[in-house]
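Given chain A's structure and the hints, the job is docking chain B onto it.
Residue numbers (the working numbering), protein chains in the order written: chain A, 3 to 334; chain B, 3 to 334.
Hints should not be assumed to be uniformly reliable.
When chains are identical, the list treats them as one kind, so a pair holds in a single copy or across two.
Below, a list of computed lysine to any residue pairs in the SDA-like style, where the Cα atoms sit at most 25 Å apart [claimed, not checked]:
no., residue 1, residue 2
1, Lys156, Asp87
2, Lys77, Gly284
3, Lys77, Ala19
4, Lys77, Pro100
5, Lys65, Arg313
6, Lys75, Asn136
7, Lys69, Glu191
8, Lys65, Glu254
9, Lys77, Ala331
Hint data in this document are derived by calculation from the structure and do not stem from the laboratory.
What follows is the residue order along each chain.
Number of protein chains: 2
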Amino acid sequence: MPTTDLSLEQIEQLATAVFVSNGCDERNTQALVKTVINAERDGSHSHGLFRVPGYVASLRSGKVNGKASPVVKHKTAAIITVDGDGGFAPLAIERGIPALAEAASTVGVAVMAIERAYHFAALWPETEALAERNLIGLACVCYKPVMTPAGGNKRLLGTNPISFAWPRPGNNPFVYDMATAAMALGDVEIAARDGKQLAPGVGLDASGQATTDPAEVIKGMLLPFGGYKGSAIAIMVELLAAAAINEQFSFEAADTDLDDGGPARGGEFILAISPDLLAGDGWAEHAETFFERLEAIDGVRLPGERRHKNRLSTAPRPVNSELLARVEALIG
Amino acid sequence: MPTTDLSLEQIEQLATAVFVSNGCDERNTQALVKTVINAERDGSHSHGLFRVPGYVASLRSGKVNGKASPVVKHKTAAIITVDGDGGFAPLAIERGIPALAEAASTVGVAVMAIERAYHFAALWPETEALAERNLIGLACVCYKPVMTPAGGNKRLLGTNPISFAWPRPGNNPFVYDMATAAMALGDVEIAARDGKQLAPGVGLDASGQATTDPAEVIKGMLLPFGGYKGSAIAIMVELLAAAAINEQFSFEAADTDLDDGGPARGGEFILAISPDLLAGDGWAEHAETFFERLEAIDGVRLPGERRHKNRLSTAPRPVNSELLARVEALIG
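So that you can see chain A by itself, here it is in the shape it has in the complex (with noise of 0.2 Å):
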């Protein structure tokens, strides 16, 4: 694929005019352009410039309120809501962490739930942002039904990413940010754009049977990751992000969303814990002999690796020639 190197800066430059012209306040756009400046920053290019025509269709269709004010409240000393107002989640998560992360370095354990937001990102963000504060982060959020649970053939569940991440003071966290599908969707749709096959046990075809077709999966269904233990972690992910915080499942998200090519209403569940309160002193160089042990072995990597070394160049990004074309085409 033909691919246009920009810089970081040419990056912010675009993603912000796309963002203003499209009826974005301020808030929501400095939110929105760091979340698609840190995806491409990293490297993690299904959740950068990739989303923008998704963000960009919500906006216009006027299901998502790019002027959302998003309100943080307590329910109890470790439960706290943001409620989005009804726009995309990086302001109510920008909004609501800091809530969480006192609450969980007070109580020692807190649950944050983000409720009528549109959720189009990554995770680690969110829980890279706790462990920088030295709390384990966990996330989970539903989607749409775009999955069927393991030994089925009918879509019920989302993609249901779940990220979790471990503080390592003076270190990068330990983070993972993967879908409970055995591959995240916006992926997917990168390999059938690209004209690649899948690997087998993705995803069946409309009929339910097994394809490597990355269309045929499109328009039938994924599977979950490892059979039937990654598909009980898929509805668990189901259960927290959406009945726990009353927030919609994928099926109910499927039936309320415009399809406008956006993200569909949904919640996200945080969980934080202070490893300060909950194991005392010393914790840090105890799991960081666990990590000498995992990183000694040879053929393992530490998820999140990748994302944190190419955090660190300078250099343009490449993207996608096509796609630039496109979100360059949703200025003004």
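Structure of chain B alone, referenced to chain A:
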């Protein structure tokens, strides 16, 4: 394999006689017997009488205190520790669960750390106990290093089971309890005993080569379920059940264990969340709309369903005859 039918009462009498004659006091005996009975009742054979020789070995070696008196403490309103006093975990869990449930029901979320205990059983009894109190439960434990992280060929991780339970008032909870290994070690041991082959992908031999021979996997190492993603979940379990609660990683448990055939010392991480406080009214009915759709899909079976069905039977349970003889020989 030849089996002998025993009523649950006979299993109870047998287990009681074994624990009492090997130095357990009444409270510990009751807690252990309940664990064994419930496993046999539910058809979870790898956690029932199958574990008794291991329990006894650790009592006889003096590693585990059969008269332990676990102590429950609050570090904060939402952080509870139970010092297991060097005994088996069931009594520590029995004493801690009411405090954990009370904390979660008041604050909305709480974590309990079981410390200085020897865990050798399933995790669903504790998560189900939370679900019966209308709480969401999540529990995990490390073990000894019997599994390699994905991509490697060196033992570092335990089988690292995780259990999740969702309360369904008026119904059995949705509950699963699964090794993050491709197969639980107890099941591999039973396959070796019964001369069965494993499915591909369960483990590697001592030289790091794939094998389907359970005896070779026991000498070698297990693999995580679901490749890199399952491995990431297994690593999260190490961090939560060891570093986060100041207890032993699997590799540390190996260094300190007597290898007497019983469990190594370790901790258990248990999280409880109140959907009443987090979601508010209507959460249970909302969740049922999801379970209805899940159960309606052909080929999908809810985890825990088989156990809950087995539980209803008052019929005698088939016990491996060779195992029965070995357990009977432990009395006196």
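Against the structure, the hints:
no.	hint	verdict
1	Lys156 x Asp87	neither (32 Å within a copy, 50 Å between copies)
2	Lys77 x Gly284	between (32 Å within a copy, 17 Å between copies)
3	Lys77 x Ala19	neither (38 Å within a copy, 50 Å between copies)
4	Lys77 x Pro100	both (16 Å within a copy, 23 Å between copies)
5	Lys65 x Arg313	neither (33 Å within a copy, 49 Å between copies)
6	Lys75 x Asn136	both (23 Å within a copy, 24 Å between copies)
7	Lys69 x Glu191	neither (29 Å within a copy, 60 Å between copies)
8	Lys65 x Glu254	within (16 Å within a copy, 53 Å between copies)
9	Lys77 x Ala331	neither (44 Å within a copy, 57 Å between copies)
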